[in-house]
Amino acid sequence: MDRQINIYHLYPSHLNLYGDRGNMLALSRRAWWRDIELQIIPIEPGDQINFDRCDLLFMGGGQDSDQLLVAADLKKRQVEMRQAVEAGMPVFAVCGSYQLLGNYYTAAAGEKIGGLEILDLYTEAGNKRLIGNAVISCQLWQPARTLVGFENHAGKTYLGPGLQPLGTVLNGFGNNGRDKKEGAVYKNVIGTYLHGSLLPKNPWLTDYLLAKALKYRDQDSSLSKLDDSTETEAHQAAIYLARSWRHRLRSSRA
Amino acid sequence: MSSVHKEAAKTGGLKNRLFQVKKTGAIVVGKALIAITRLLGRGGTTLPGRLAIRIKPDLAELLAGLLLKGALVVTGTNGKTTTSAFIKNILKAAGYSCIHNQSGSNMSWGVASALVDSASVGGTITADWALMEADEGAFPKIVQDIRPLGVVVTNIFRDQLDRYGEIDRIQEAIGRGMQAQPAGGFQVINADDPSLVSLGGLEGKQRLTYGLEIDLIEDSFLNTGRDTKTCPLCKKELTYERVYFAHLGHYHCPACDFRRPMPDVQLTALTIKADGSSLLTIETFDRQININSPLPGTYNYYNLLAALTCALALKIPEEKAVKTLETSNPSFGRMESFTVNERELVIALIKNPVGANEVLRTILNRAEKAILLVAINDKIADGTDVSWLWDVDFEQLAARPEQLTATFAAGLRARDMAVRFKYAGLDWQQVLVEENSGTALCRALQATPPGGKLYILPTYTAMLEIRRHLNRMGYGRPYWEDR
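Protein chains in written order, with my numbering: chain A, 1 to 254; chain B, 1001 to 1483.
Quick caveat, the hints were computed from the structure, so don't treat them as lab data.
One thing to keep in mind: the hints can contain errors.
As the list claims (entries may be wrong) - Simulated pairs of lysine-lysine, DSSO-like, Cα-Cα distance not exceeding 27 Å:
(1) B:1379 - A:180
(2) A:187 - A:75
(3) A:76 - B:1236
(4) B:1236 - B:1069
Bound-form chain A, shown alone (with noise of 0.2 Å):
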């Protein structure tokens, strides 16, 4: 049987600021060494998105200019979004279109800035930039797996009471630096402020976001194990260095 997956990228030219590419092409790879025929189809602000035809949403990060941007070309299709959400429409969100799901973000001045309310969570912004080597505890398999990335955001999330955060933070500051939670997931919704690229070096995220997509239009969601010696030497390389003391003090600003 032929399987293939369609997933849309959202503003590729505007939300591609942390080596998004590398979370493209790890879930290409991934695909193209199962036979699965998968297709990336950029959508840029003004384009229409057919909900119907997409079986993975992909959002990256983007600078606050282009997220303004951004925000307001989504707002347009909130509701088909939310709808197919609620379908189990896998969706994988990665910094600024993470707090873009969110109810809303409270600039530095106060002004506040409405999202999509997809994830029930708030983001405000903070002063101080919380940025480093990252590694969470991550509950969608049992039993937990760690992913590792590399995190650097100003505003802090607050999830609300029903939301389950995507990990919990073993080093790094995570969703608010307080709380140690990282990320959050909803239904097929995975929103994080982890990039490094993320799923390149934690291969079995990128394997569990295929085979949703997979699942989403009744194919057949297994997939044949691939050699991952390199993706989990350098999982591994990173889970060192992000503990390493000595790491820390010669890649920190302090």
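Once you have looked at the hints, place chain B on chain A.
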């Protein structure tokens, strides 16, 4: 003299003497540390300056104030090292002496180190100019410290975002530096970069712009996204008539009246010759200047224009500037070659996607078999976030498998690089991973046949490690003598 005045003179004298002691102390400590670090085989470009400004925070300001002519600062994401090397050579050709923070040590303490190094123990400076390359984030502080007559800003690209957050913030930092520049000075900026044109800080200063007025084909593989595509004034998307690379080009805002200014110094014609050199026709102030440049690449055209514009602002005789630009070679770490045991070794610093793509393309264009060593560190000077590796078009290496006979991944982030090679489509089981840059260098040299070529692409601190190893092996000159 009344007693009150006497008293004042006395305390002033004492204060002065105390101040003198502190200054001398800072200089002596700085100089001693420079000597010690060099004995240890390091460049002495960071620690001595850091300590000297600990002892005397305004040391750089004091020393810069003693310069006979003044200070110049070059900043921007890409091309600042090449541009400042050009300017330094032009100043020398015009008969000036010049202090320069050559080793790419471009934070405020690097500037202090360079000044301390060339000051006498008594605290005097005999140089005409100080030409300082400034990291974008350190730019406002360096401008405040050394109060430059001229600033040159090359461009703003996505670089080490972990350090300053987002590009908007880099732009804001550069704007603050422009504001801090004293009145009466001049600014040289790239007209093709919309994020520079909108910067303020012009009061009482002269601003000169440079840009390209030629047709170039946009690099289709530079798919790293444009960093600044929205109008800096009204946030609408900019329209481009011409794109040179990334967001550099001819642009205007469809909504407001923001548009590219007509550059004061323009590249109007370009002929690329068979030997790889380029004949450039430049028009400025109703004059035409022809330069036969040995350096290839759009990049270098911008660097050359920046240096020439700065030279014109300094009223340096045109023929001296032209002659220097025609004979200048790439500087520290930007495509340097060494011969080691009949093997040719080329080192090219990489630090961001746009620059790394240019390096990869140059290597592949040479159409010869080679060994490749990529060494990635993630210390502060390298950028602590390695995400940018995913925006580099390493895929172009996989498209030419016959050209790479062996591939090495090295540095603290060697394993990230190995994953990058794998997802780029290289034969990943053949990629050799070795975290220690020195060991990786030895193994790569062993894998290179006599007469063969080894390309080394390191990040900044990995480059220092590799050069240290080469020095120990007896090759290459120590980088602090590179001035």
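Status of the hints after comparison with the structure:
{"no.": "1", "hint": "B:1379 - A:180", "verdict": "26 Å, holds"}
{"no.": "2", "hint": "A:187 - A:75", "verdict": "21 Å, holds"}
{"no.": "3", "hint": "A:76 - B:1236", "verdict": "18 Å, holds"}
{"no.": "4", "hint": "B:1236 - B:1069", "verdict": "43 Å, violated"}
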